[in-house]
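S.K.: Each chain, written out:
2 protein chains.
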Amino acid sequence: MLNVGFQIYAELYDCNPKKLSNVEDVRQIFLDAIIESKLTVLKECFHQFNPHGVTGNLILSESHANIHTWPEHSYVSVDIFTCDGEGEEKSKKAIQMLKERFGAKRIHIKEFHRGIIPKAKE
Amino acid sequence: MLNVGFQIYAELYDCNPKKLSNVEDVRQIFLDAIIESKLTVLKECFHQFNPHGVTGNLILSESHANIHTWPEHSYVSVDIFTCDGEGEEKSKKAIQMLKERFGAKRIHIKEFHRGIIPKAKE
Chain A
15 MLNVGFQIYA
25 ELYDCNPKKL
35 SNVEDVRQIF
45 LDAIIESKLT
55 VLKECFHQFN
65 PHGVTGNLIL
75 SESHANIHTW
85 PEHSYVSVDI
95 FTCDGEGEEK
105 SKKAIQMLKE
115 RFGAKRIHIK
125 EFHRGIIPKA
135 KE
Chain B
15 MLNVGFQIYA
25 ELYDCNPKKL
35 SNVEDVRQIF
45 LDAIIESKLT
55 VLKECFHQFN
65 PHGVTGNLIL
75 SESHANIHTW
85 PEHSYVSVDI
95 FTCDGEGEEK
105 SKKAIQMLKE
115 RFGAKRIHIK
125 EFHRGIIPKA
135 KE
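Residue numbers (the numbering used here), protein chains in the order written: chain A, 15 to 136; chain B, 15 to 136.
Check the hints yourself; a few may be wrong.
Copies of one chain are not kept apart here, so a pair can be met inside one copy or by any two copies together.
[What the hints assert, rightly or not] With a Cα cut of at most 27 Å, we get these calculated DSS-like pairs of lysine-lysine: (1) K133 - K119; (2) K133 - K107; (3) K124 - K106; (4) K133 - K57; (5) K124 - K107; (6) K119 - K57; (7) K33 - K133; (8) K33 - K106; (9) K119 - K52; (10) K32 - K133.
Read the hints as simulated data drawn from the structure, not as lab findings.
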């Protein structure tokens with residue numbers, strides 16, 4: 015059996031809420047972490063919620079990355095889905111950068127293999 | 015404690031590969047299922063991979079939805095993240111529609127609560 019993809023969910027708690035409110039701040043931190051981790055951004059889409067909070071979706075050549083921020087809870091959720099051999103390592107590097115740059119004091123991570131495919135179909 | 019969000023991921027196996035190759039086909043099926051499930055699309059972003067396969071990201075007022083298709087494996091991955099009270103029910107309805115419309119013979123679902131926040135911070 016083969017796994018098509020690797021996915022990581024990260025919960026970033028006790029972040030600096032000042033960094034979570036504005037779409038331009040969140041976009042820059044998110045893009046920098048993804049690109050510095052050698053993941054490849056093909057398309058991006060961000061949205062500013064009112065009164066605060068940001069959602070961002072990136073289409074990667076490796077699959078996708080999502081971010082949501084809740085400044086009122088000092089909380090950020092991040093998902094990264096990759097389907098190349100180095101995706102796991104790159105995703106974990108990106109999560110660590112985001113932890114540092116949002117000033118998260120606690121982080122909780124879940125990891126998954128996505129798409130279990132018989133080898134005969136490869 | 016409160017959960018900020020509810021996330022569901024679905025593995026759709028043994029789909030009709032003819033429905034998975036082209037970005038316009040995948041986009042229409044995905045948007046229809048999301049909108050008919052009463053989720054609210056704010057922004058959309060899709061990408062056609064070569065030689066085949068599609069990635070789509072939707073920013074929802076409830077959070078986000080992602081899709082990836084692998085026609086060569088007859089496999090589709092879907093993630094839906096919501097943060098309103100009816101999000102769980104709406105997400106499950108959308109997944110069932112996608113199962114039917116992609117002709118999936120097998121489906122595997124996992125559900126998660128995202129962002130565990132102390133009530134005092136509400």
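S.K.: Does each hint fit the structure? Answer for all of them.
M.R.: Hints versus structure:
Only between protomers do K133 and K119 lie at most 27 Å apart by alpha-carbon distance; the minimum there is 19 Å, versus 42 Å within a single protomer. In this assembly of identical chains, the alpha carbons of K133 and K107 never lie at most 27 Å apart, being 29 Å within a copy and 31 Å across copies at closest. In this assembly of identical chains, K124 and K106 lie within 27 Å of each other by CA distance both inside one copy and across copies; the values are 11 Å within and 21 Å between. In this assembly of identical chains, the alpha carbons of K133 and K57 never lie at most 27 Å apart, being 31 Å within a copy and 37 Å across copies at closest.
For the identical chains of this complex, K124 and K107 are neighbours both inside a copy (14 Å) and across copies (25 Å), given an alpha-carbon limit of 27 Å. Taking the shortest Cα distances, K119 and K57 never come within 27 Å of each other, neither inside one copy (30 Å) nor across copies (31 Å). For the homomeric pair K33 and K133, the shortest alpha-carbon distance between copies (22 Å) is at most 27 Å, but the shortest distance inside one copy (45 Å) is not. Taking CA atoms no more than 27 Å apart as the test, K33 paired with K106 passes inside one copy only; the shortest distance there is 21 Å, against 33 Å between copies.
For the identical chains of this complex, K119 and K52 are intra-copy neighbours only, at 25 Å inside a copy versus 36 Å across copies, given an alpha-carbon limit of 27 Å. Taking the closest pair of Cα atoms, K32 and K133 come within 27 Å of each other only across two copies (21 Å); inside a single copy the shortest separation is 48 Å, beyond that limit.
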